[in-house]
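*Asks:* As you go down the protein sequences, you meet chains B and S in turn. Here my numbering is used: the first residue of the first sequence is 1, the next is one more, and so on. Here my numbering is used: the first residue of the second sequence is 1, the next is one more, and so on.
Where hints are given, some of them may not hold.
Claimed, not checked - Listed next, the in silico PhoX-like pairs over lysine-lysine satisfying Cα-Cα at most 25 Å (straight line):
1. 79(B) x 472(S)
2. 360(S) x 79(B)
3. 481(S) x 79(B)
4. 360(S) x 92(B)
5. 422(S) x 79(B)
6. 185(S) x 129(S)
7. 472(S) x 92(B)
8. 280(S) x 308(S)
9. 92(B) x 308(S)
Said to hold, decoys possible - With beta-carbon atoms standing in for the labels, derived distance ranges:
10. 68(S) x 132(B): 49 to 57 Å
11. 289(S) x 27(B): 32 to 40 Å
12. 276(S) x 27(B): 48 to 56 Å
Claimed, not checked - So, partial list: chain B residues that the calculated Cβ filter (under 10 Å) puts toward chain S:
13. 44
14. 89
15. 138
Simulated from the structure, these hints should not be mistaken for lab results. Ideal placement from N, C-alpha and C gives every residue a C-beta, glycine not left out.
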Amino acid sequence: MNNLIKFCFALFVLCVSATASAQVNIEINTPGVVALKQSMQTRHTQLAEFYASGAVGLTSDGMVALRDANAVPLAARQKVNGLVAAENQDRKALYAEIAHANAHPEWEGDIRNTFAQRWIQRAQAGWWVQSGGGWSKK
Amino acid sequence: MLNKTIIYTIIRLLNFCLSGLLSFCLLFLSAPLYAVQITLNVADVAAPSFTARGIKVVLAQEGSAEFNIDELHLAGQTWRKVHVHCSEFLLSSTRVTCDKGKLDAIPDLPFTFSYEFASQRLELRFAAKANELWQVSADFRAQPWRATILLRNAQSKRLADLLSPDWPLPTQGALNGTLMVHGDKTGVSQINADLQLADVAAADASGLHAAEKLTGTLHVDAARTGQKWDWRGALDWQGGELFWQPLYLRGGHTLLASGQWDGAQLKVTQAVANLPGVGKVELNALWDVKKSNLLEGRLVGKNLTLAKGFTDYAKPFLEKSALSATELTGLADVDWQYLNGATQALLVKLRDVAIVDGEKRFALHGINADIPWHAQVQSVAHVAFADGELMGLPLGATQWQMQMRGQDFILPTATLPILDGKLEVSDFRMHSVNDMWQWNFSSTLTSISMQKLSAALHWPEMHGSLSGSIPKVSYQDKLLKVDGTLLFRVFDGTVLANHLELLDPFGRAPRLSGNLDMRELDLDLLTRTFSFGNIQGRIDLGVNNLELVSWLPVRFDAKLASSPGKYRKRISQKAVENISSLGGAGGVAALQRSFLRIFETFGYERIGLSCALRNDICTMAGVEDNGNAYTIVKGGGIPAITVIGYNRKVGWSELITRLKRVSQDNKAVIK
Chain B
1 MNNLIKFCFA LFVLCVSATA SAQVNIEINT PGVVALKQSM QTRHTQLAEF YASGAVGLTS
61 DGMVALRDAN AVPLAARQKV NGLVAAENQD RKALYAEIAH ANAHPEWEGD IRNTFAQRWI
121 QRAQAGWWVQ SGGGWSKK
Chain S
1 MLNKTIIYTI IRLLNFCLSG LLSFCLLFLS APLYAVQITL NVADVAAPSF TARGIKVVLA
61 QEGSAEFNID ELHLAGQTWR KVHVHCSEFL LSSTRVTCDK GKLDAIPDLP FTFSYEFASQ
121 RLELRFAAKA NELWQVSADF RAQPWRATIL LRNAQSKRLA DLLSPDWPLP TQGALNGTLM
181 VHGDKTGVSQ INADLQLADV AAADASGLHA AEKLTGTLHV DAARTGQKWD WRGALDWQGG
241 ELFWQPLYLR GGHTLLASGQ WDGAQLKVTQ AVANLPGVGK VELNALWDVK KSNLLEGRLV
301 GKNLTLAKGF TDYAKPFLEK SALSATELTG LADVDWQYLN GATQALLVKL RDVAIVDGEK
361 RFALHGINAD IPWHAQVQSV AHVAFADGEL MGLPLGATQW QMQMRGQDFI LPTATLPILD
421 GKLEVSDFRM HSVNDMWQWN FSSTLTSISM QKLSAALHWP EMHGSLSGSI PKVSYQDKLL
481 KVDGTLLFRV FDGTVLANHL ELLDPFGRAP RLSGNLDMRE LDLDLLTRTF SFGNIQGRID
541 LGVNNLELVS WLPVRFDAKL ASSPGKYRKR ISQKAVENIS SLGGAGGVAA LQRSFLRIFE
601 TFGYERIGLS CALRNDICTM AGVEDNGNAY TIVKGGGIPA ITVIGYNRKV GWSELITRLK
661 RVSQDNKAVI K
């Protein structure tokens, strides 16, 4: 009986460790992640006003999109286009880098989905977020 | 009591045959006569490009009239429940007039209307506050018949309901000018328009196509022969701004154009556009209007100023490419030819052009080039530049001849001067597969002075040279791959770099992997270069599985060991202190407390240290391992010194910090 309990416990430990080893560390820090996060933080100060005005929203696939160009002065629309394109490039690179750092490049899609939910959860009140194909104001 | 009379009639109005059932309902209210009114119900009225259904006209005794139309089709537009009120309505055998009229849809724009049956003259005049006027005068008896539309401070937003909602709709601003239309029985045959725009704004629903404060003039003359129109136009866009995703342009443009229109295709036979700050371009085009498709096109520009031309017209399309932060200066001649859904030729001449990357990754100056590219025909491009820079390395003057055929570019041989050496490139080939560009070449790097290289890259000054033979460099799917070995001759030894791969070289986080094999580096030269305290001897250093992300190491297996062979082996007290301080400040203190401090240098037998870097942790080992301790410097000779490390797991960032002389914990001791 005692041996059976030990066996079951060993099996449990094995299962837990197997599960743990398959978990992705999305907080992982590599020079690539640091460079990308810095780049995104710098850009965020420029993008924040466009999130607040509703011009730019957070998409359900972990990216940002120009949602309502009419909310941006005409002369700034090209700049917003550039910011959105650069932000999406960094976001895509970030998901790939985290997957790579976890030694599982094939996890990129799952990491992207996790980040998508996280960005939307952390979005400030008044920002526009996408869910089910439609936009809603948080 | 109600009396009803029904009259069947055909009426002629505006020279169009209008037919319908007109029911005059004469409502004679039984009691007072002053309340008499006439109601006319007309089932429908039809004419070419005009129908009205469910018309009800109520004529009141005091002379006013109410018109209610259930559905009105005019010029492709449909209005429902149209209501018109005429304060003074007159219908006689010679004319019909409506004074002080009002349309429910535009209550702030009262109108007057008159039509004389005999002369077939029509006058329609909408006038409002601020001197706004929309006036139509038409003479339908003239041959050809003619109509003149006069606009004065006409608010452009009133046109929004008449235009397709898919297009930018005017929201403010005024129109002035005249529009003259002539026609015959087959329809409109001539149009002459002279319009001035004042502070016009327009936008589509998405905001991706919009304009603000547009001012300018538009002149159009068009005449029809059979089914074909010949037209000529002049546009002078004087001010305001336009955003047409992804282009943003300001006023100052002019366009003169002429061509034909046959109802399906718009042909621009000749057009000259003046682009401010860029130059003049001539263009012609054939546009399939129904399919919104360019069938043929040609654009020719000479001496175009690239600085503004590239920024305004090319860069907005390159936001997602490596050229998104690029600036161009200089002059260019361009001849672009388009046919059958594809570019057939692009002939470009560049004069004294400079291309500079905003992120300082590359730059080329003094570019002169003749690039006559054809989709189907083989041609040769001549490209020369005066100097440049690549990843901080200066490039010298050179010229290339490139063979081109479609999306295949071949450079049989080319020389790229780098510092005092050069990269001899052979068999460079670039081609597009499934819209993805890939390229490869083989090359030889002739000797570059390490002194110049280290100065250019802001490294400590090194001596020696860099050279190498590279059988193949290839780029495909964002991966730059170097097959072969790069040879550096530095510190009187050799460094071989192989299996080099660089993923996403132009991205934010490029990833470099490869192996380095360094042999017999002179420690005397090395330690002097890096001010580490003098060590004499030679070392081998192997770095396998090296991986850099954003040019910082994230993984490697490095092993440093004294080179085999006989040579002088001495280590200075300063060097011992520095090695010890990598483990913490205590080691230094231990040495300084001991009698060994009286010696300047010590003998050693071997030096060895390895580091396996994973997840920012360096797992250390030495020449000899004894449990948790490992020997970094094994003593030998007199006086001898041995340095032992005790901490096998060292944070990489921390180690780098310590290397920068920030000493902390004491983990190494001196025996």
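*Asks:* Next step is simple, just say for each hint if it's right about the structure.
*Replies:* Now the hints, each set against the structure:
1. 79(B) x 472(S): violated (40 Å)
2. 360(S) x 79(B): Holds, at roughly 21 Å.
3. 481(S) x 79(B): Outside the cut-off at roughly 35 Å; violated.
4. 360(S) x 92(B): Between residue 360(S) and residue 92(B) the Cα gap is close to 23 Å, so the pair holds against 25 Å.
5. 422(S) x 79(B): Violated, because 40 Å separates the two Cα atoms, which is more than 25 Å.
6. 185(S) x 129(S): violated (37 Å)
7. 472(S) x 92(B): Violated, because 30 Å separates the two Cα atoms, which is more than 25 Å.
8. 280(S) x 308(S): holds (13 Å)
9. 92(B) x 308(S): Roughly 31 Å between the alpha carbons, so the hint for residue 92(B) and residue 308(S) is violated.
10. 68(S) x 132(B): 49 to 57 Å: violated (44 Å)
11. 289(S) x 27(B): 32 to 40 Å: violated (56 Å)
12. 276(S) x 27(B): 48 to 56 Å: The hinted range 48 to 56 Å holds for residue 276(S) and residue 27(B), with Cβ atoms some 51 Å apart.
13. 44: Where the cut-off is 10 Å and the nearest Cβ of chain S is about 15 Å from residue 44(B), the hint is violated.
14. 89: With a closest approach of 7 Å, the residue 89(B) hint holds.
15. 138: violated (21 Å)
Checked against the numbered hints given earlier, the structure breaks hints 1, 3, 5, 6, 7, 9, 10, 11, 13, 15 and satisfies all the rest.
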